[in-house]
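Keeping their order, the protein sequence lines are chains Z and Y.
Using the numbering used here, the letters of the first sequence map in sequence onto residues 6 to 185.
Using the numbering used here, the letters of the second sequence map in sequence onto residues 195 to 351.
FYI, nobody ran anything at the bench for these hints, they're computed from the structure.
Any given hint might turn out to be false.
[Unchecked claim] With a cut-off of at most 20 angstroms between alpha-carbon atoms, the simulated SDA-like pairs for lysine to any residue come out as follows: (1) Z:Lys141 - Y:Leu268; (2) Y:Lys246 - Y:Glu325; (3) Z:Lys141 - Y:Cys214; (4) Y:Lys246 - Y:Thr310; (5) Z:Lys141 - Y:Thr331; (6) Z:Lys141 - Y:Gly264; (7) Z:Lys141 - Y:Pro281; (8) Y:Lys326 - Y:Ala235; (9) Z:Lys141 - Y:Ala254; (10) Y:Lys313 - Y:Gly234; (11) Z:Lys141 - Y:Thr259; (12) Y:Lys313 - Z:Lys179; (13) Y:Lys246 - Y:Lys313; (14) Z:Lys141 - Y:Tyr301; (15) Z:Lys179 - Z:Asp102.
[As the list claims (entries may be wrong)] Here chain Z is said to cover these stretches of chain Y; the calculated rule only asks that three of the stretch's residues, wherever they fall, bring their Cβ under 8 angstroms from a Cβ of chain Z: (16) 277-286; (17) 314-328.
In this text the structure is predicted, and so the values were computed from the model without any measurement.
Ideal Cβ placement from N, Cα and C applies to all residues, glycine included.
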Amino acid sequence: MLGVGAYRTRNRPARSEVLPVPIGQMTWTLTDHQGRLVRPSDWAGRPVMVFFGFTWCPDVCPTTLSDISLWLEELGADADRLIVALISVDPERDTPDVLAGYVSNFDPRIIGLTGPADEVAQAAADFRATYRRVDKEGGDYTMDHTAGVFLFHPDGRFASIIDFHEDRRFAVPKIRRTLS
Amino acid sequence: MKHFLLATTLIFSAPAAMACETVTIGDLTVEHAWSKATIGAGRPGVFYVEIKNSGTTDDALVGITTPAAGMPMLHETVVQDGIASMPHAMSVPVPAGQSVQLAPGGYHGMLMELTTALKEGDSFPVTLSFEKSGEVTVNVDVLSLRAEGPDCADAGQ
Numbered sequence: 006m007l008g009v010g011a012y013r014t015r016n017r018p019a020r021s022e023v024l025p026v027p028i029g030q031m032t033w034t035l036t037d038h039q040g041r042l043v044r045p046s047d048w049a050g051r052p053v054m055v056f057f058g059f060t061w062c063p064d065v066c067p068t069t070l071s072d073i074s075l076w077l078e079e080l081g082a083d084a085d086r087l088i089v090a091l092i093s094v095d096p097e098r099d100t101p102d103v104l105a106g107y108v109s110n111f112d113p114r115i116i117g118l119t120g121p122a123d124e125v126a127q128a129a130a131d132f133r134a135t136y137r138r139v140d141k142e143g144g145d146y147t148m149d150h151t152a153g154v155f156l157f158h159p160d161g162r163f164a165s166i167i168d169f170h171e172d173r174r175f176a177v178p179k180i181r182r183t184l185s
Numbered sequence: 195m196k197h198f199l200l201a202t203t204l205i206f207s208a209p210a211a212m213a214c215e216t217v218t219i220g221d222l223t224v225e226h227a228w229s230k231a232t233i234g235a236g237r238p239g240v241f242y243v244e245i246k247n248s249g250t251t252d253d254a255l256v257g258i259t260t261p262a263a264g265m266p267m268l269h270e271t272v273v274q275d276g277i278a279s280m281p282h283a284m285s286v287p288v289p290a291g292q293s294v295q296l297a298p299g300g301y302h303g304m305l306m307e308l309t310t311a312l313k314e315g316d317s318f319p320v321t322l323s324f325e326k327s328g329e330v331t332v333n334v335d336v337l338s339l340r341a342e343g344p345d346c347a348d349a350g351q
């Protein structure tokens, strides 16, 4: 058991070494839930909040989107310039139409992004996020994915991550620090 | 038990009241059973509940069944190194003298193969099977996809 732990420590870089690249250096092109192409350059000068998920996800994703909706309500108009995006790690099922139906349940400032598999992979690489398809019995599948919420300053620099199990009271101050 | 459930259903016919009902079996108290609305029947639904064991014997939730879904299963959301995964849980321990919550971000029932989309305001029964205490059926309130839990006066948050 100790041996396994040591192996992991040696081979997996600490999280601080794998920060997301600045928004301006990202190279993905995705489609939003209204069918419009979105590129990182479209977000220039705006604070950004991104999380990865998928609409077939019954627990983590609606919970995170509910939390984000509450934070946005608490921030009110201060968050109107904040880009808030859910990037689907399941583009096979999450078409723009599917995402539109999904995000309509939450704060209207949240957009859904999807695209071809290689563009989603590029986005995950740029954000240093990971995801993996897990096949289940009967041909169904689910996705493992990075659960944190990524925050970026208006100049595109990575700001911080709101971890899934972090005390949610710290979230709003973290977001606020990216807004000015 | 059926009569008891029927009576409770009639009394608490107002929406969002059934999640606040309490059902007991042996030393176990089961309450705050709720679910979230789904978009269509293709996506899995979710089942959350609170179980208190006031006895001196450990028990465990070993399975759930419901007419609302063809394949209901117990799962646990695990976040390790920032990655969320959702492994199948063979059972959920309900230790003596303790409370266990199936709640967002942790243990939950995953309702696959829904017979119909779950709509806010609907309710459906779920039968919980315990290793020692046997089976008990609770009524589950469907709340909005945005809900974080039922609004009960005594909700143990």
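Right, here's what the structure says about each hint:
Between Lys141 of chain Z and Leu268 of chain Y the CA atoms are separated by roughly 14 angstroms; this keeps the pair inside 20 angstroms, and the hint holds. A threshold of 20 angstroms between alpha carbons decides the hint, and for Lys246 of chain Y with Glu325 of chain Y the separation of about 15 angstroms falls inside it, so the pair holds. Taking the CA atoms of Lys141 of chain Z and Cys214 of chain Y, the gap is near 34 angstroms; set against the 20 angstroms cutoff, the hint is violated. For the hint linking Lys246 of chain Y to Thr310 of chain Y, the alpha-carbon distance of about 30 angstroms lies beyond 20 angstroms, and the restraint is violated.
Taking the CA atoms of Lys141 of chain Z and Thr331 of chain Y, the gap is near 27 angstroms; set against the 20 angstroms cutoff, the hint is violated. Among the hinted pairs, Lys141 of chain Z with Gly264 of chain Y is consistent with the structure: their alpha-carbon atoms are about 15 angstroms apart, no more than 20 angstroms. At most 20 angstroms may separate the alpha-carbon atoms for a hinted pair to count; Lys141 of chain Z and Pro281 of chain Y meet this at roughly 10 angstroms. Simply put, Lys326 of chain Y and Ala235 of chain Y have alpha-carbon atoms about 33 angstroms apart, too far for the 20 angstroms limit, and the pair is violated.
Restraint check for Lys141 of chain Z and Ala254 of chain Y: not satisfied, since their Cα atoms lie roughly 24 angstroms apart, outside the 20 angstroms limit. Pair hint Lys313 of chain Y plus Gly234 of chain Y holds up; C-alpha atoms about 9 angstroms apart against a cutoff of 20 angstroms. With a C-alpha separation of about 19 angstroms, the suggested pair Lys141 of chain Z and Thr259 of chain Y falls inside the 20 angstroms cut-off, and the hint holds. Of the pairs offered as hints, the one joining Lys313 of chain Y and Lys179 of chain Z is violated, with about 34 angstroms between alpha carbons and a cut-off of 20 angstroms exceeded.
Distance hint between Lys246 of chain Y and Lys313 of chain Y is unfulfilled; the C-alpha atoms sit about 28 angstroms from each other, more than 20 angstroms. Annotation: proposed proximity of Lys141 of chain Z to Tyr301 of chain Y holds, straight-line Cα distance about 18 angstroms (limit 20 angstroms). In summary, the hint linking Lys179 of chain Z to Asp102 of chain Z is not supported, as the alpha carbons are separated by about 31 angstroms, beyond the 20 angstroms threshold. Residues of the segment 277-286 of chain Y with a Cβ under 8 angstroms from some Cβ of chain Z number 4, which satisfies the need for three, so the listed coverage holds.
Here's how the segment 314-328 of chain Y fares: 0 of its residues keep a CB closer than 8 angstroms to some CB of chain Z, so the rule of at least three is not met and the hint is violated.
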